[in-house]
Amino acid sequence: MKLCRVKGTVVSTAKQEVYHGWKLMVVQPVDEQGREQGHSFLAVDRVQAGEGDLVLVNSEGNGARQLFQIEKLPIRSLILGIVDQVDA
Amino acid sequence: MYLGRVMGTVVAERKYPGLEGVKLLVVQPLDHRHEPTGEPLVAADTVRAGPGELVYLTQAREAALALDPCFVPVDAAIIGIVDELDARP
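As they're listed, the protein sequences go chains A and B.
The first sequence begins at 1 in the numbering used here and counts up by one.
The second sequence begins at 1 in the numbering used here and counts up by one.
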């Protein structure tokens with residue numbers, strides 16, 4: 001899992017059927033000090049994260065499929081939690 | 001999943017069974033600042049995207065799952081067209 005900063009949201013009408021009703025966020029990977037690392041990507045949000053939040057992102061699709069019990073879910077990145085504090 | 005800009009189309013007459021009728025597009029992966037994040041790639045289109053459009057893609061196994069019937073041999077699929085990107089720089 002990666003530490004990421006939420007940068008914003010993506011609004012989209014034409015999309016895969018299963019993506020309807022899921023909030024899609026732009027997340028930027030950061031290190032334990034909050035410094036940006038690498039390139040931003042998109043993740044589905046199910047924990048009501050907001051812009052500026054530090055979040056935990058799982059970038060592996062099997063986790064999402066197990067969590068939602070949907071066998072053919074084409075979602076790869078999922079925001080799993082909002083981070084309150086990092087001690088490192 | 002990540003953002004990308006559709007740059008053009010790819011036509012392949014002879015292809016693997018299961019890929020018939022699948023539209024292939026050349027996509028430049030982008031970050032939220034619209035900066036390129038790597039080399040352009042070919043992705044299967046599932047949402048009728050067109051050249052010039054800002055889209056988002058999924059990769060690896062999830063790309064194969066996005067197609068119907070699923071588990072055709074692709075490693076990138078366009079799964080949505082972006083109407084609005086609201087992100088801090």
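Source of the hints: derived by calculation from the structure; they are not laboratory data.
None of these values were measured; they are calculated from a predicted model.
Some hints could be false.
Unchecked claim - Footprint (simulated), chain B over chain A, 3 or more residues, beta carbon under 8 angstroms:
hint : stretch
1    : 19-32
2    : 36-43
3    : 63-77
4    : 80-88
What the hints assert, rightly or not - With a straight-line cut-off of 16 angstroms between C-alpha atoms, the simulated EDC-like cross-links for lysine to aspartate or glutamate are:
hint : chain 1 : residue 1 : chain 2 : residue 2
5    : A       : K23       : B       : D86
6    : A       : K2        : A       : E71
7    : A       : K72       : B       : D83
8    : A       : K72       : A       : E60
9    : A       : K23       : B       : D83
10   : A       : K23       : B       : D68
For every residue, glycine included, the Cβ atom is placed at its ideal position computed from N, Cα and C.
Evaluation of the provided hints:
Three residues within the 8 angstroms Cβ limit are the bar, and the stretch 19-32 of chain A against chain B gives 4, so the coverage statement holds. Coverage of the stretch 36-43 of chain A by chain B holds. Counting CB-CB distances below 8 angstroms, 5 residues qualify, and the rule asks for three or more. Coverage of a stretch by a chain is defined here by at least three residues with a beta carbon nearer than 8 angstroms to that chain's beta carbons; for the stretch 63-77 of chain A and chain B the count is 6, and the condition holds. By the rule of at least three residues with a Cβ nearer than 8 angstroms to a Cβ of chain B, the coverage given for the stretch 80-88 of chain A is violated, with 0 such residues.
For a cut-off of 16 angstroms, the pair hint linking K23(A) to D86(B) stands: about 13 angstroms separates their Cα positions. In summary, the hint linking K2(A) to E71(A) is not supported, as the alpha carbons are separated by about 24 angstroms, beyond the 16 angstroms threshold. Pair hint K72(A) plus D83(B) does not hold up; C-alpha atoms about 25 angstroms apart against a cutoff of 16 angstroms. Among the hinted pairs, K72(A) with E60(A) is consistent with the structure: their alpha-carbon atoms are about 14 angstroms apart, no more than 16 angstroms.
At roughly 14 angstroms between alpha-carbon atoms, K23(A) and D83(B) fall within 16 angstroms of each other, so this suggested pair holds. Only pairs whose Cα atoms come within 16 angstroms are accepted, and K23(A) paired with D68(B) is rejected, the gap being roughly 23 angstroms.
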